[in-house]
Amino acid sequence: MNITINGEKEHLTGQTIVISDLLQIKNVESPEMVSVQLNGKIVNQERFQSTSVTENDELEFLYFMGGGENK
Amino acid sequence: MIDFTEDQLERYSRHILLQDVGVEGQEKLLNAKVLLVGAGGLGAPVSLYLAAAGVGTIGVADNDVVDLSNLQRQVVHFHKDIGTAKVDSARDKMLAINPDITVKTHKTFLCADNIREIIREYDFVVEGTDNFPAKFLINDACVMENIPFSHGGILRFDGQTMTVVPGKSSCYRCTFRNPPPPDVVPTCSQAGVLGAIAGMLGTIQAAETLKFITATGDLLTDTLLTFDAKSMNFRKIPLKQQKDCPICGESPRITKLEDAVQAVCGI
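For the record, the sequence lines run as chains A and X. Under this note's numbering, the first residue of the first sequence is numbered 730, with each subsequent residue one higher. Under this note's numbering, the first residue of the second sequence is numbered 56, with each subsequent residue one higher.
Where hints are given, some of them may not hold.
[Stated by the list, open to error] Partial pick of chain X residues on the chain A-facing surface, computed with a CB cut under 10 Å:
no., residue
1, THR230
2, VAL248
3, LYS295
[To be verified] Simulated crosslink set (BS3-like; lysine-lysine; CA at most 30 Å straight-line):
no., chain 1, residue 1, chain 2, residue 2
4, X, LYS223, A, LYS770
5, X, LYS285, X, LYS295
6, X, LYS295, A, LYS755
7, A, LYS755, A, LYS770
8, X, LYS285, A, LYS738
For the record, the hints were derived by calculation from the structure and aren't laboratory data. C-beta: ideal position from N, C-alpha, C; glycine also.
This is chain X alone, in the form it adopts within the complex (with noise of 0.2 Å):
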């Protein structure tokens, strides 16, 4: 048991009064090693609230600068940081919220040469990405490193999140399968998305990663949390692990990271 600090119980009071968290989740809040990909609409809210919340070590990986159009929905950079590298943005107002953590930078893809040594060091990773190559990469690697985590996605009024623990529940690839062909994907930059909808599914992917770290409560496994805000109804729908899915199935086709990601690297 560490030892905290005046200040770390008054920061973290909150927490340790939930019966659920305590000192012991605190403590396992402080040690535990978070990866966000992508501090874009999902990835802002989520680092706030896991550098509020003393997750002792957030990763972020990200190879964007921030650009103006970005403002609308990605909290955690401001009008000052255009043309800034997203990563040391999002590190500035984490260690600006809580000096008590430690950030590290990823300015970098993401791709099937690296993903598996960068996320190999991180207890859960929170994927925000827009583009499919890159979910299906996070997926793939998170199965064969055995990592859990949350998949986030948004488009319009609309968001869907669903949590993996690989071995244990069942996988995007699961239910997703293959990505899209590009040419009939709509992005946020092409169809839009109305800003706070970033802010409703990013809170509830920082959620499940501190439901995850605790060991509190229901994660979102072998289920996928819809919702549409215009009607604001949420919906859980179950899902199941598929025996052919082509990573996590009985006999996987996939058993090295797959060529789709490459025009992710290219890029």
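Just chain A, same shape as in the assembly (with noise of 0.2 Å):
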């Protein structure tokens, strides 16, 4: 299936994956850190296991960023 990740395409073999799955295969270190939306709609964490990506789908993995203090 072809899906856009953060703007871009990719290809991945199968119909369906599931978020945190996704997130293993594209090597993202801590799911807890990334914010995904799934085709404009955000997705909470507790649903990374059974909410399903298929054809098509547009999805933004947000990064949890700190800031400026040294705290």
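Assembly of the complex is requested from the two constituent chains, each provided in isolation within its own frame, with the hints serving as guidance.
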């Protein structure tokens, strides 16, 4: 199947994959540090294992990012 | 309309020349009140540019003192300031750039008990904190008080920012939901950050602030701007207000400021 992750086209084998497996394939080290937007809708982290991605889906992996303070 | 002095006309001439700003815009800046939360890597460039721009009242909230390891990127603080309260150090530099403005210092941790009262006196908040409880607290308080703000985050070679106008755009919680568990969070002090990244991201936040005040251009609302300075790729990711957002959605679960903040207050 063909999907788009962070604006880049990706080809994956298979017809479907759950988000948690996709994060693993894409070497996302800490799934807790990423928010996933699937076709414009934010997927709650509790649903990463039950939400499937299929042909032509558009995903954004949005990373939590801290900031300026040295704390 | 205020009467600009000759000095003001000269100081702000490059703003006044801009069709989108002009004297009206500069007057808005002089009348504006902006709060910076965090006088660190992001707050540093923001404070310098907002002071230079003539933002009339700038509040700065931070409970920290300047440390040697800050100086690699927190350009508002100088070597001589080590050991000084960051709010005092930042205030001195802002007033040195522009004695025309008023700086209010809040040497305190913002927490559930005090944040709403403090932010209420401002038109816009610039969030430049490193800990996620604080980021969520600022989002929630700004949504409750209906105060627009700029979120900023940096790590290693990356930066991200979004502008939130409560009631009109998606909020930080729409996209990021809940603070990540503390044990998986890399901070600048653990993971490092290229100093100039703070300047890149902070100046974007400063520009958003000035755009908001002068009602110029399109804000980064419903948008996450991210960049990777290694490749210098910038992306604007469209975001949407989420109906199930726990604070600004259809049936908000959060109706008063949350417990996660207590960890911050307890430090």
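Here's how the hints hold up against the structure:
1. Because the beta carbon of THR230/X sits about 6 Å from the nearest beta carbon in chain A, less than 10 Å, this interface hint is met.
2. Annotation: interface hint on VAL248/X holds; nearest CB of chain A at approximately 9 Å, less than 10 Å.
3. For LYS295/X, the shortest C-beta to C-beta distance to chain A is roughly 5 Å, which falls under 10 Å, so the interface hint holds.
4. Restraint check for LYS223/X and LYS770/A: the C-alpha separation of about 17 Å stays at or below 30 Å, so the hint holds.
5. For the proposed pair LYS285/X and LYS295/X, the alpha carbon gap of about 28 Å is at most 30 Å, so the pair holds.
6. The suggested pairing of LYS295/X with LYS755/A holds, with an alpha-carbon distance near 25 Å, which does not exceed 30 Å.
7. With a C-alpha separation of about 20 Å, the suggested pair LYS755/A and LYS770/A falls inside the 30 Å cut-off, and the hint holds.
8. Proximity of LYS285/X to LYS738/A is assessed by CA-CA distance (about 21 Å); at most 30 Å being required, the pair is judged to hold.
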